[in-house]
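Top line first, the protein sequences correspond to chains C and X.
Here the first sequence is numbered in numbering that gives the first Met the number 0, starting from 0 and rising by one per residue.
Here the second sequence is numbered in numbering that gives the first Met the number 0, starting from 0 and rising by one per residue.
The set of hints was computed from the structure by calculation and includes no laboratory data.
Please note that the accuracy of each hint is not assured.
Covered stretches of chain X, going by a simulated chain C footprint (3 or more residues, C-beta under 8 Å) [stated by the list, open to error]:
#1 73-81
#2 98-109
Here are the simulated SDA-like pairs of lysine to any residue, each with C-alpha atoms no more than 25 Å apart in a straight line [said to hold, decoys possible]:
#3 C:Lys85 - X:Tyr91
#4 X:Lys24 - X:Gln213
#5 X:Lys51 - C:Leu95
#6 X:Lys109 - C:Arg13
#7 C:Lys85 - X:Gly135
#8 C:Lys85 - C:Thr107
#9 X:Lys109 - C:Pro91
#10 C:Lys12 - X:Asp123
#11 X:Lys51 - C:Asp78
#12 X:Lys73 - X:Ala14
#13 C:Lys85 - X:Leu49
#14 C:Lys85 - X:Pro150
#15 X:Lys109 - C:Leu11
#16 C:Lys85 - X:Lys220
#17 C:Lys12 - X:Lys220
#18 X:Lys73 - C:Pro93
#19 X:Lys51 - C:Ser159
#20 C:Lys12 - X:Lys151
#21 C:Lys85 - X:Asn35
#22 X:Lys220 - X:Ala230
#23 X:Lys109 - C:Tyr4
#24 C:Lys85 - X:Gln213
#25 X:Lys73 - C:Leu96
#26 C:Lys12 - X:Lys130
#27 C:Lys85 - X:Met0
#28 X:Lys73 - X:Arg176
#29 C:Lys85 - X:Thr126
#30 X:Lys151 - X:Pro82
Going by beta-carbon spacing under 10 Å, a handful of chain C positions derived as facing chain X [what the hints assert, rightly or not]:
#31 Leu6
#32 Lys12
#33 Phe81
#34 Thr87
#35 Ile97
In this text, a Cβ means the ideal position worked out from N, Cα and C, and glycines have one as well.
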Amino acid sequence: MMTIYILWIRQLKRYVRSRARIIASLGQPLLFLLGLGFGMEPVFQKAGQGSYIQFLAPGIIGMTLLFTSVFSGMELIWDRQFGFLKETLVAPVPRLLIMIGRTLGGATVAIIQGVIVISICLIAGFRPATFTLLPLTFLFMVLISVMFTAMGTAIAARLSDFQGFQLIINLLVMPMFFLSGALFPLRNLPGPMTFITSINPLSFGVDGLRYTLTGITHFGLATDLTALIGLTAGLLVLGSYLFARIEL
Amino acid sequence: MIRVANLTKRYGPIAAVRDVSFEVKAGEIFAFLGPNGAGKTTTIKILTTLLKPTSGVVQVDGFDPTRNQAEVRKRFGIVFQDPSLDDQLTAYENMDLHGALYAVPKNLRKERTEQLLNLFQLWDRRTDLVKNFSGGMRRRLEIARCMLHTPKIIFLDEPTLGLDPQTRNQLWTHIRRLNEDEGITVFLTTHYMDEAERMANRIAIIDHGAIVAQGTLIELKEETGADSLEAAFLKLTGYSIREEETGQVERMRQMARMFRRR
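Please work from the sequences and hints to get the whole structure.
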């Protein structure tokens, strides 16, 4: 328990201390929310889909969670490069606990960022349809964050330097974001797109967030929850497995 | 305290460590010397549970690092060749984190941290982030940290690399004191022969993965007919320069050289 706690609090301290990172990582959601949100609003309304900001906000929250979590998980590369990883790996504690502590820490950071972005969305004019489902919104945020932190850890466990980082962001994280239904409705898409969006983990996350915040859903709550819980568990197992196999 | 018998570690066809045997007694300062790429760090990694040996017997305080990882890990502290601090945390937080990982009770952790940071003259800087520390201060903090859980043995892998003579001198004074006051066993590697000469009770020299000599300073000098450890070291390991990161061709050449020597 101590191990998990101390590594969790470490991630939080590092987060709070890097103000540049907090601000930088809020820039992207802000740009999408305000730029894209207000830019597309008239077109979206004309197409008879209602308010675009209403539609987009849950997607932007999902995006924030995705990027922050993957990034947190991949902080492992930094720890390896700057040596701190060794300190934890020779300690007399099971690697599973180290992995759990790190993942919870990374996920917590992502959730904090998510909450900040929700506040920004509210300021920008987003209005949740109901507040009674907020606990469920939070549950989705937790699942998304844990899932992607574990994914980041799993990837970083196999990378030994920074070079792979950009590659992962461009070839995995960006496509996951664009093809998740964060920016557009998943209805009536061309076949291949429908296929990709329905195997994208973030799709279920965004859909769940959108349902609990605005009442609109594509897959349905039960599917969203089942898929996310399954994927989160799977990625946790994979992440722990790969983390346990790290050699220095 | 440490017993190594016929230890071998292979990476494919290349043996990083070949049939190495030595013993380190409790309370002793043991210097493990060798040119770059000789197998020092590989040996330390095996002793500290980070690598599994291909064959051979290894015991640290009576426990096998492969089978009893947790027991072995509780018993040693290590200062790695390259830094292993979290530089976004303060000196105190680095100590505290270490104490928590090693399950040192909270009160004892506080007490030991204060005592050790004072010993290494870092107490006044305890609330500073490590990223603002100099190389020497970081090293001192790492040594203080590895002592926090009262290990029986500490491994110091080139702890003085890149430090100025003043800092090196001071570090060794501290380490000597830890050895004398707390009776801690010290296993060290260094490229500075004067340091080994001054500190070590016994010395082993490893080259191309095999031990080429071991004994006290006097024994090594007698064996080689040299008047200093440096001269003895060069006599035993030759004068050619070793490249740590060897390419395929150079590795073949080194292997060929190894075979010719046998």
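Now the hints, each set against the structure:
Taking a C-beta to C-beta cut-off of 8 Å, the region 73-81 of chain X contributes 4 residues in contact with chain C, enough for the three needed, and the coverage statement holds. Beta-carbon proximity to chain C at under 8 Å applies to 4 residues in the region 98-109 of chain X; the threshold of 3 is reached and the given coverage holds. For the hint linking Lys85 of chain C to Tyr91 of chain X, the alpha-carbon distance of about 19 Å falls within 25 Å, and the restraint holds. At roughly 14 Å between alpha-carbon atoms, Lys24 of chain X and Gln213 of chain X fall within 25 Å of each other, so this suggested pair holds.
Taken as a hint, the Lys51 of chain X and Leu95 of chain C pair is honoured in the structure, with Cα atoms around 19 Å apart against an allowance of 25 Å. Of the supplied pair hints, the one linking Lys109 of chain X and Arg13 of chain C holds, its CA atoms being roughly 22 Å apart against a limit of 25 Å. Taking the CA atoms of Lys85 of chain C and Gly135 of chain X, the gap is near 20 Å; set against the 25 Å cutoff, the hint holds. Proposed proximity of Lys85 of chain C and Thr107 of chain C is supported: the alpha carbons are some 23 Å apart, at most 25 Å.
A C-alpha spacing of about 20 Å is found between Lys109 of chain X and Pro91 of chain C, which places the hinted pair at or below 25 Å, so the restraint holds. Between Lys12 of chain C and Asp123 of chain X, the direct Cα distance comes to roughly 21 Å. Compliance with the 25 Å bound is thereby established for this hinted pair. Only pairs whose Cα atoms come within 25 Å are accepted, and Lys51 of chain X paired with Asp78 of chain C is accepted, the gap being roughly 23 Å. About 29 Å separates the Cα atoms of Lys73 of chain X and Ala14 of chain X, which puts this hinted pair outside 25 Å; it is violated.
For a cut-off of 25 Å, the pair hint linking Lys85 of chain C to Leu49 of chain X stands: about 9 Å separates their Cα positions. Restraint check for Lys85 of chain C and Pro150 of chain X: satisfied, since their Cα atoms lie roughly 17 Å apart, inside the 25 Å limit. Between the alpha carbons of Lys109 of chain X and Leu11 of chain C the distance comes to roughly 22 Å, so the proposed pair stays at or under 25 Å and holds. This hinted pair does not check out: Lys85 of chain C and Lys220 of chain X have alpha carbons roughly 37 Å apart, beyond 25 Å.
The straight-line distance between the Cα atoms of Lys12 of chain C and Lys220 of chain X is roughly 53 Å, outside the 25 Å bound, and the hint therefore fails. Under the criterion of a C-alpha separation no larger than 25 Å, the hint pairing Lys73 of chain X with Pro93 of chain C is consistent with the structure, at around 12 Å. A threshold of 25 Å between alpha carbons decides the hint, and for Lys51 of chain X with Ser159 of chain C the separation of about 20 Å falls inside it, so the pair holds. For the given pair, Lys12 of chain C sits about 32 Å from Lys151 of chain X by alpha-carbon distance, which is inconsistent with the 25 Å threshold.
In summary, the hint linking Lys85 of chain C to Asn35 of chain X is supported, as the alpha carbons are separated by about 21 Å, within the 25 Å threshold. For the hint linking Lys220 of chain X to Ala230 of chain X, the alpha-carbon distance of about 9 Å falls within 25 Å, and the restraint holds. Using a Cα cut-off of 25 Å, the hinted pair Lys109 of chain X and Tyr4 of chain C holds, with the two alpha carbons roughly 17 Å apart. With a C-alpha separation of about 30 Å, the suggested pair Lys85 of chain C and Gln213 of chain X falls outside the 25 Å cut-off, and the hint is violated.
Annotation: proposed proximity of Lys73 of chain X to Leu96 of chain C holds, straight-line Cα distance about 16 Å (limit 25 Å). For the hint linking Lys12 of chain C to Lys130 of chain X, the alpha-carbon distance of about 14 Å falls within 25 Å, and the restraint holds. The straight-line distance between the Cα atoms of Lys85 of chain C and Met0 of chain X is roughly 23 Å, inside the 25 Å bound, and the hint therefore holds. Taking the CA atoms of Lys73 of chain X and Arg176 of chain X, the gap is near 22 Å; set against the 25 Å cutoff, the hint holds.
Using a Cα cut-off of 25 Å, the hinted pair Lys85 of chain C and Thr126 of chain X holds, with the two alpha carbons roughly 23 Å apart. Proposed proximity of Lys151 of chain X and Pro82 of chain X is supported: the alpha carbons are some 22 Å apart, at most 25 Å. Residue-level restraint check for Leu6 of chain C holds (minimum Cβ-Cβ distance to chain X is 8 Å; threshold 10 Å). Because the closest C-beta pair between Lys12 of chain C and chain X is about 6 Å apart, less than 10 Å, the hint holds.
The interface hint given for Phe81 of chain C is met, as the beta carbon of that residue sits about 7 Å from the closest beta carbon of chain X, less than 10 Å. A cut of 10 Å between beta carbons decides the hint on Thr87 of chain C: the least distance to chain X is about 7 Å, and the hint holds. Below 10 Å, beta-carbon pairs count as interface contacts, and Ile97 of chain C has one with chain X at about 9 Å; its hint therefore holds.
Figure legend: structure checked against the earlier numbered hints; hints not met, in rising order: 12, 16, 17, 20 and 24.
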